[in-house]
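Got chain P; can you put chains F and E on it based on the hints?
So you can see what is in the structure, the chains are spelled out below.
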Amino acid sequence: MGTQSLSARASQGQSGRRFWSRYGVSYSFILPAVVLYIVFVLYPFAQSFYISLTDWNGFDPVMNFIGLDNYLKLLQDPLFWTAFSHNIIWIIVGSIGAIGLGLFLAILVSSRPPGFLIFRTVYFMPQVLGPAIVGVIWLLIYAPRRGFLYKVGEATGLDFLQRSLLANPQTSLLGILFASIWASIGFFFVIFLAGLQNVDRDLLDAARVDGANSWQQFWNVTVPQLSHVITMVIALGMIGSLKVFDIVWTMTQGGPANSSEVLGTLAYQESFNHTHHGYGSAIVMVTSALAVLMSVVFIRLRERRGD
Amino acid sequence: MSTLKRIVSITFVLLVLSLPAYAQDQITLLVWDHFGSVSGGPADMIYEQFMAENPNIVIQREVVDAQQIKDIAPTALASGQGPDLIYMDISDARPLFQGGLLIALDDYAEQYGWYDRFYENGLSWSIVDGQLFGLGMEFEFVGVFINNDIFEREGWAVPTNLEETLAYCQAASAAGYVPFAHGQNPGWQTFFSFTMPLHNTVGVEWVENRVFNDTGSWDDPGVVRAIEVFYRDMRDANCFDPDVNGLDWQTQQDLFFSGEAPLFPTGTWVVGGIIQNMPDANVTMMPFPATVPDGPRIYTTGMGSAWFIASSAANPDAAAQLIDFMFSDFALEQWVEQAGYVPPLPLDADDYELTELQKFVLETLSASVDPDSGVSLGYNIDVLAPRPFNTMLQEGFQAVMADLKSPEEQAADLERIWEENQE
Amino acid sequence: MTTSQDAAGVKRVTSSITRIKRRSLSYWGAQIARYTILLLFLAIFLVPITWIFSLAVKTQAEFANNPLGLPQEPQWGNFMQAWDQGRFSVYLPNTIIYAVAVVIGVAIFACMAGYALAKTRFPGRNVIFSGFMIGMTLPFLSIMIPIFYLARDLGILGTRWGFIIPAVALGLPFSIFLMRAFFMGIPDELGDAARVDGCTEWGVFYRVMLPLAWPGLATLAVFEFLGTWSAYLMPLILTQREELRPVALALPLFQGRYRADLPLIAAASMITITPPLLIYLVLQRRFIEGVTAGALK
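Residue numbers (this note's numbering), protein chains in the order written: chain P, 1 to 307; chain F, 1001 to 1423; chain E, 2001 to 2297.
Same shape as in the complex, but just chain P:
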């Protein structure tokens, strides 16, 4: 320290001030958000991680450290793998289904035909209801003996409608997925609608002039232009499919016979019904890790292929 020249020491002091004058504004803009986030999100998350290494029951003043036992138990728990497989199905059918249908409907109205405003208003409406209400509505639709589908089946003689999807372990997940897709098509619909507006008309015309039919136009001109939007939308869909809880819990609580169990409902049941908070936390940790992993990998893959 003593061997430094006067000018060096002077510039050190100056760089300190320069640091603050350069970055002070940025930090002050971002500080409140960061503080709030660390205190109310990251710190509790770290605590949850610690809880997953204990056998805590949620209210004892003492937590016993048990290391990775919960994670080992999780890997050997057939119920965990069942729930996980249901989330995978949810990703594939749920988000891809809603995304595909949303895109399809957006294409149908992208030319703003008569009635466009009504279609757009109604298609997006289910989004406004919230997952719990969507669950209640579809519960009443699927209800045995009293539900909408049952009564329609009774009136029209279409017997298959009188079997409630939620009552049969083989179809319960599908039933909930229909409700979820019903609620989320609107979201993807409006996103793709706007995306389609931005597609370069000249390119499309050029393709048409070159003799491409509608399908080819769509696949070779429209889709690449929507690439960035599609990537983002699928990533959001994947994350949402892993986090799903409210709608499943409202409709079946994971039943019957665990046929609609997902990671979220399993974690809730273990944590609250069975007061195995440590184990429930472990499940949630794994879910979060999967969400991060899947979205990062997926986005990286698309970036490498696309741009």
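Calculated directly from the structure, the hints in this document are not laboratory data.
Treat each hint with caution, since some may be false.
Restraint-style ranges between C-beta atoms, simulated for each label pair [said to hold, decoys possible]:
no.	chain 1	residue 1	chain 2	residue 2	range
1	F	ALA1412	E	GLU2073	47 to 57 Å
2	F	TRP1188	E	LEU2212	29 to 39 Å
3	F	ASP1044	P	LEU117	45 to 55 Å
4	F	GLU1154	E	ARG2034	47 to 57 Å
5	P	LEU117	F	GLU1152	29 to 39 Å
6	P	PHE160	E	SER2026	28 to 38 Å
7	P	GLY24	E	LEU2278	17 to 27 Å
8	E	TRP2161	P	ASN213	53 to 63 Å
9	E	ALA2043	P	TRP215	24 to 34 Å
10	E	LEU2278	F	ALA1167	49 to 59 Å
Below, a sample of chain F positions facing chain E; criterion: calculated Cβ distance under 10 Å [said to hold, decoys possible]:
no.	residue
11	GLY1040
12	ASP1044
13	ASN1056
14	GLN1060
15	ARG1061
16	ASP1065
17	GLN1067
18	GLN1068
19	ILE1072
20	THR1075
21	GLY1080
22	ASN1277
Remember, it's a predicted structure, so these values are computed and weren't measured experimentally.
The C-beta atom is built at its ideal place from N, Cα and C for all residues, glycine as well.
Then chains F and E, alone, in the frame of chain P:
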């Protein structure tokens, strides 16, 4: 002394004498309960009467839905800022007491003479390791409700054993009825579709031995047979709606209230609803049909919710006072007549204005706890079982109903979970 | 419009007309197919909601015997009853307070943070951004219990802030992602020009950038409003006191042990969704603009 001084000193003395009235602190009791649409009214009246009689105690009442209360009670009690007094299910409260969040009530029992007032069988549900941790108010039993009007109209006989039941089911379903208003969504109904046939098949003593004395095993041919009776024999005779796994509690009640289902296998907690929704119908109750030739037909009892005091309560004495008031004559009249509850103490049905059904419930329960009556009732095991066992009842029996699991497998699983969770 | 664009436009219209005249049958066939599908989906989205509404005004007997048809006499009283039993007079104002407070809180913090991340450079920028991104993947269940004890320790448990502050914190990741994307779409030159004119950093942000990022703000407001309105687990565990509860916690009050009143449940559901629905119908252009603009950046 001058007149002025005399006046001043008298005023001063009077003031001092009146101080105790001001010095008496106001106590606030925070109470969580789940008294809803039927029992909410009586509850309000009882709270108000208590406050009228005890002006220094203010009751702050929070209504929490029964499903939610078991999720948020543990953290609320652990936070130290939760309720002082809580009314919830015993099976959910037991681990909380064992975890130190609720206090033992033995001292208060002595003080208020509860051991003398209440039936021993009524108190035993909320005793663990010799300590009383709650005072139950809803003594209930489970059987089968009968809409006699339908049986009369159709010219059927009410079934008394398995053979008659299967025949009844075939006839009723052919006539367009749902023979039994049973549902398995979300699944707690399976607690009773298991215990009823179980008691009729293996007898009360066997169940007592398994639950209290740790003898025997759930993985037993008698248990398997009991499961078969309901989940194979009755199912295959069309006793239930084909979508029974998806049929929820609301729809079950609706089926019975609207006359679409002549029989309703459930507990006395629906009596209030029956009175409200089908006041003119001729409804009676019977135990589950006999499952073995000349076998017993047993009502199974349990205690629903009970009163508990938090260990973080600032004034447990006041809380205990309120609990005792809940069983005063004034309160009892409200609970029995308006809400249809049967608290576990000696009640004379003639003291109250009751419907036939209510009288029957009261008299049956009274007889059951009277050692001289010769009536023995069974046990709602779910109140005494560890929670994962109850989850296995729900999920396992949904699977059994759907042919995803055999009765043998379910019996084995039940034994395994029971053993795994014994402390 | 330049003349070449004029010419191209005329050419397009003429060729369209020729095409319409030529492709008569297959064109109209396609139109019919298109509208059939569009109308089918219109029905799929509308029917469940209108059915629930019709359910809400039926008597219980009507529901059992005639669930599909129109009600004989609309039971408007069901709404009154649902209002009372669901304690909506307390829960509804709470929900409005929460939704507005959370939207304002998230808007302020996310705009500032998004701007800093998009338009300025500073050490740790990428780390901080990645840190926020991880937050988007976390389910509330993962922090539910720790947040409860944290709120207690901070003394906000059992108060409105006990729900508002954590809700704002949880809304930050997605909103920051959104605002950052929006700000990145605004040319830097505008900011530079303002700075040259003597504007402070804050002035650049407040007077130049923020007004241009208005659609992003609209998106943010939409999502946070809807999300807060339908939040269930968070308020369940954090509000504690009944007088602080939002409407999402009202529905379970109807699935009680004694009543099997399905029309009442339908009525309660209707009350719960009416405010967001009304706001949506009035402001729907904003809603949709917000969502789409946000997604495209």
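Cut-off 10 Å, beta-carbon criterion: hint that THR1075/F touches chain E: holds, 5 Å
LEU117/P versus GLU1152/F beta-carbon gap, inside 29 to 39 Å or not: violated, 60 Å
Supplied contact hint for GLY1040/F, tested at 10 Å Cβ to chain E: Holds, about 9 Å.
Satisfaction of the hinted span 47 to 57 Å by the C-beta atoms belonging to GLU1154/F and ARG2034/E: At roughly 54 Å between Cβ atoms, ARG2034/E and GLU1154/F fall inside 47 to 57 Å, so the hint holds.
47 to 57 Å as the expected CB spacing between GLU2073/E and ALA1412/F, which holds or is violated: holds, 56 Å
Restraint satisfaction for GLY1080/F [CB to CB of chain E, less than 10 Å]: Constraint on GLY1080/F satisfied, holds at 7 Å.
CB-CB spacing for TRP215/P and ALA2043/E relative to the 24 to 34 Å hint: The hint (24 to 34 Å, Cβ to Cβ) holds, given that ALA2043/E and TRP215/P are roughly 27 Å apart.
Supplied contact hint for GLN1067/F, tested at 10 Å Cβ to chain E: With a minimum Cβ separation of about 6 Å from chain E (threshold 10 Å), the hint on GLN1067/F holds.
Per-residue hint verdict: ILE1072/F, partner chain E, C-beta under 10 Å: holds, 6 Å
Status of the hint placing ASP1065/F at chain E (closest C-beta pair under 10 Å): holds, 4 Å
Supplied contact hint for GLN1060/F, tested at 10 Å Cβ to chain E: holds, 9 Å
Cut-off 10 Å, beta-carbon criterion: hint that ASP1044/F touches chain E: Constraint on ASP1044/F not satisfied, violated at 13 Å.
Hints 2, 5, 7, 12 and 13, counting from the list given before, are not met by this structure.
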